[in-house]
Every structure is written in structure tokens, then in C-alpha cells.
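> Sequence:
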Amino acid sequence: MTQEEDRRTGRDESEDERADRMWGELIQEVRVAQTGVQILFGFLLTVVFTPKYAQLEHANQVLYVVTVVLGATATGALIGPVSLHRLVSGRSVKPQAVRWASRLTFVGLVLLLATMTAALLLVLRVATHDAYVPWLVAGVVTWYLLCWFVLPLWARQRDTTRPGR
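Per my numbering, the very first residue in the sequence shown carries number 1; after that it's consecutive.
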């Protein structure tokens, strides 16, 4: 590990030790996101089999299909790191696998955000036909963006650019 990398991580660990630690952290993070997306996706799969589905306006049926596809892609991206690890395990490529798994997880989070946005829009459109639905959804999406991306990026920038960090 170079002196710059050691200063950046604040740890005295080899590349393999760092990859092992980062893998463990990543899998814990994925477990949280996977649970949410799998529950939402499972619920979405049942909707089409209810009598209410046939009564939905065409636009809401299209929104439902888009939501299911987004949920399926989010599920795939968030389960991808597990498959990746299993297929490359023992091949001495863990640092690279951690980078790819991290990218898949980020894509999965973006797709989960899109899935939750579409699901919320669908539910609120069906529950109420009021004009404020897009504003409610926009408010919730803004909250998600703040919690999931803005705050972490702000903390990352703030806490890693200080002298001595």
C-alpha cells in the first residue's frame, strides 16, 4: 500500500486485508437494501392478480409495469454482488470484485430509488386523484436523495478534504 493510500484509509492494512474489510462492509449494506427491494418487489408481483388491477386506468397499468421492471432490475443489481463474489472467489481478484460489487450496489440503489418513486406515484394516483400527488412524490424523492446521496456525499467531501485526514 502506498503512503497516500495509507493516509486516505487511516489504516495499516494490505490490499487484500482492505478488500476483505470492504467486502464485509459492502455485504452488510447490501443486506439492508436487498431486504427492502425484495419486500417491495414481492408485493408488486401480487398486484396484477387482484381484481382491482383490471379496473386501473391504462396509464396506471403502464406505470405498474414500469414499476415491476424497475423492481426486477433493482433486485438483480443488489443480488449481483453475491453472485459476483461466488463466481470469482478464490481467484485472487477480491480488490477488483469489491470495486465491481460496489458499482452494482450503487446502480441497485439508484434503481431502488426509481422503483420506490414509481410505486409511490402509482399508489397515490390510485388512492387519490388529487393534483398534489406529484408534489408529494417529489417531496419524498427529495428526501430520499438527501438521505441516500446528498448527505453521504457532503460528509465524504467534508470529512476527507480536511488537512490530516
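Honestly, I wouldn't trust all of these hints.
[As the list claims (entries may be wrong)] Label pairs and their computed distance ranges (CB to CB): (1) V123 to G76: 22 to 30 angstroms; (2) A155 to L45: 47 to 55 angstroms; (3) G42 to F106: 21 to 29 angstroms; (4) G76 to L153: 35 to 43 angstroms; (5) V107 to G24: 17 to 25 angstroms; (6) N60 to W154: 33 to 41 angstroms; (7) V48 to G139: 22 to 30 angstroms; (8) E57 to V140: 39 to 47 angstroms.
Treat the hints as calculated values from the structure; they're not laboratory data.
For each residue, glycine too, the CB sits at the ideal point set by N, CA and C.
> It remains to establish, for every hint, whether it holds in the given structure.
Comparing the hints with the structure gives:
1. V123 to G76: 22 to 30 angstroms: 23 angstroms, holds
2. A155 to L45: 47 to 55 angstroms: 36 angstroms, violated
3. G42 to F106: 21 to 29 angstroms: 23 angstroms, holds
4. G76 to L153: 35 to 43 angstroms: The hinted range 35 to 43 angstroms is violated for G76 and L153, with Cβ atoms some 25 angstroms apart.
5. V107 to G24: 17 to 25 angstroms: 21 angstroms, holds
6. N60 to W154: 33 to 41 angstroms: Holds: the Cβ-Cβ distance is about 37 angstroms, inside 33 to 41 angstroms.
7. V48 to G139: 22 to 30 angstroms: Roughly 28 angstroms apart at Cβ, these two residues keep to the hinted range, so it holds.
8. E57 to V140: 39 to 47 angstroms: At roughly 22 angstroms between Cβ atoms, V140 and E57 fall outside 39 to 47 angstroms, so the hint is violated.
In the structure shown, a violation is registered for the earlier hints numbered 2, 4 and 8, in ascending order.
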